[in-house]
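Input sequences plus hints: build the corresponding full structure.
From first to last, the protein sequence lines stand for chains A and B.
Here the numbering used here is used: the first residue of the first sequence is 1, the next is one more, and so on.
Here the numbering used here is used: the first residue of the second sequence is 1001, the next is one more, and so on.
The hints are simulated quantities; they were obtained by calculation from the structure and are not laboratory data.
Misleading hints may appear alongside valid ones.
[What the hints assert, rightly or not] Restricting the straight-line Cα-Cα distance to at most 20 Å, the calculated cross-link-like pairs of lysine to any residue (SDA-like) are:
#1 A:Lys113 / A:Tyr65
#2 B:Lys1050 / A:Asp170
#3 A:Lys131 / B:Asp1317
#4 A:Lys186 / B:Asp1317
#5 A:Lys31 / B:Ala1441
#6 A:Lys188 / B:Trp1010
#7 A:Lys31 / B:Arg1081
[Said to hold, decoys possible] Chain B stretches covered by chain A per the calculated footprint, using a threshold of three residues with CB under 8 Å from any CB of chain A:
#8 1021-1027
#9 1431-1437
We put the beta carbon where it would ideally sit given N, CA and C, even for glycine.
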Amino acid sequence: MEPFKKIKSIATPLDKVNVDTDQIIPKQFLKLVQKTGFGKYLFYDWRFENGEKPREDFVLNNPKYYDSKILLTRDNFGCGSSREHAAWALLDYGFRVVISPSFADIFYNNCFKNGILPIKLDSQSIEKLFKNPSEMEVDLQNQTITTDDSTIPFEIESHRKKTLLEGLDDIAVTLQYEDKITQYEKSKAKL
Amino acid sequence: MSRTLFEKIWDSHVVVQQDDGHSLLYIDRHLVHEVTSPQAFDGLRMNKRKVRRPDLTFATMDHNVPTSDRSLPIIDQISARQIQVLEKNCKDFGIELFDIHSPNQGIVHVIGPELGITLPGTTIVCGDSHTSTHGAFGALAFGIGTSDVEHVLATQCIWMEKPKTFEIKVEGKRKNSHAITAKDIILSIIKQIGTAGGTGTVIEYRGDTISDLTMEQRMTICNMSIEAGARAGLIAPDEKTFEYLRGRKYIPKNYEEFVNYWRENLKSDSGAHFDKNFTLYSDKISPQVSWGTNPAMTTDVTGTVPFPDEYAKGNPDEEKAAIKALQYMGLKPGTRMTDIPLDRVFIGSCTNSRLEDLIEASQVIKGKKILPKLRAMVVPGSQLVKKQAEQLGLDKIFKDAGFEWRESGCSMCLGMNPDILASGERCASTSNRNFEGRQGAGGRTHLVSPVMAAAAALAGHFVDVRELDLC
Ligand code: SF4
Chain A
1 MEPFKKIKSI ATPLDKVNVD TDQIIPKQFL KLVQKTGFGK YLFYDWRFEN GEKPREDFVL
61 NNPKYYDSKI LLTRDNFGCG SSREHAAWAL LDYGFRVVIS PSFADIFYNN CFKNGILPIK
121 LDSQSIEKLF KNPSEMEVDL QNQTITTDDS TIPFEIESHR KKTLLEGLDD IAVTLQYEDK
181 ITQYEKSKAK L
Chain B
1001 MSRTLFEKIW DSHVVVQQDD GHSLLYIDRH LVHEVTSPQA FDGLRMNKRK VRRPDLTFAT
1061 MDHNVPTSDR SLPIIDQISA RQIQVLEKNC KDFGIELFDI HSPNQGIVHV IGPELGITLP
1121 GTTIVCGDSH TSTHGAFGAL AFGIGTSDVE HVLATQCIWM EKPKTFEIKV EGKRKNSHAI
1181 TAKDIILSII KQIGTAGGTG TVIEYRGDTI SDLTMEQRMT ICNMSIEAGA RAGLIAPDEK
1241 TFEYLRGRKY IPKNYEEFVN YWRENLKSDS GAHFDKNFTL YSDKISPQVS WGTNPAMTTD
1301 VTGTVPFPDE YAKGNPDEEK AAIKALQYMG LKPGTRMTDI PLDRVFIGSC TNSRLEDLIE
1361 ASQVIKGKKI LPKLRAMVVP GSQLVKKQAE QLGLDKIFKD AGFEWRESGC SMCLGMNPDI
1421 LASGERCAST SNRNFEGRQG AGGRTHLVSP VMAAAAALAG HFVDVRELDL C
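Here you go:
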């Protein structure tokens, strides 16, 4: 996994609540057996008319945001299905940061596994960013979002921060505890 | 100190506890299906890793299997490939697979309990959000993403922060338990607490209405916990739980010893603290129908499609969402729910495709015919459910009424196989998600109970099933 340091980019404002993973990546694209190549299907039904013509009124189709790495959105982002394809699609498309007042649990977890930083901000700060979704810098080490006129701090669990900063492989970390796992298995009545 | 049921299961599964609250949790049962696992097995191969406990891992194919004749080849090449890949992965890694021709094949959350793989007090994960279903047995069961599927395959453990606890009490006696079903209870809860009401929590359902429910009905409740945003739903096991599992294929040999242990230990202590509480009085609820594009956008069958501002109660984001939902659903505020005409009816999914669901629905339609212009299908949750239903002659009742009787799988719950809605088609569905396009691009889904779906198939629109003679 690519370590996460700083990301500087314009933020794409997706002004919707309860964006579910069925919208992020519709089911017809879940049949691939690899992790890459999902970016072109991101928000498929919102982005394209009949799967072809880009819908002009959808924010991702605004040329201003073509190179954006930061997605700014509303409450309960990523609800619904556990499909990690949602995170893969965001990453493959180019997003490394998602900023929202709140996330659904499984999606939130899936982001970290793929080097995406989901940032929870209070509604007031979100509102401010939505008013002016311009270029900003997200600095994970210092836990700040810096725009033209302000610096907004954000919270993140320490182990998650470490994993992202170092681009750690979760499984390798866990396997360091292998003796503990074996011990646990021995100690437990057989189920 | 008194602990909740969740805390007891959690504590007994912690392998490593970090200072920052992060725990390594042991997993007793890992269920695998074709859609969220290929990339996980690939990861294992790339890193030359093995599956740590193939004996605790079970696989089936359900999401994109066709529900038509199983002796025919699968037409969709990409689905066929995903199915072949799962077969190969299970063979290479030594995992038991209930494949498309197995008498035990079915929706992963239907077969787990049915085969006795799901047990009280265990931890269960699956790369599927509706893993919460298994919580009906007093198991801590939750959905995970594909990276975690790989992690569990390799280590039989998962890293997690301890969720908060949420007590939902359902009290009272339903006036008509055939008309007011478990589906109406859970939809009523989600309607009130919202789709993010349970985020970050494990819900424990308690109260006399819950004790009254059968195991299958409890599964319907726990199944939709995720629709309230919860990590998991949980119901303390009781004699019904133990009886349901007795004699099932994969239960431990010394089952009765376990029962004695579970009976003593698997309940929340009196006075245990929950971080959140909510109470629903089941004697006050009506049959539910969803009108929008998330499960909280639901109302009484006797109600009307709401006005967005009235629904949003001052929240501008919710108001926008409601306007958009009504547009998508092609509904006008003020329309009576019973006046909404339907094109399709779907009885199936891990929420409502078990034997009792099919029995209840069949009683509504027995000897009657569905509206001819309507297309209706029943998709049993598993091959075993299908077989049992056929032994009771339910297939005949459904077919005589004009329903299609299909093979088991997820089918039109998410439409990854050929069972989908056409754009603009409106469906009464016993599944769990009414998201935009869930059952087919442009398709419009109304979530209801099996009896409501059956009655709607006869009338061509929703009807208040309390007016029918159900018993
Ligand atoms: S029936 Fe529907 S909700 Fe259940 S596992 Fe299958 S796709 Fe998921």
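Which hints from the list above does the structure break, by number from lowest to highest?
1 and 4
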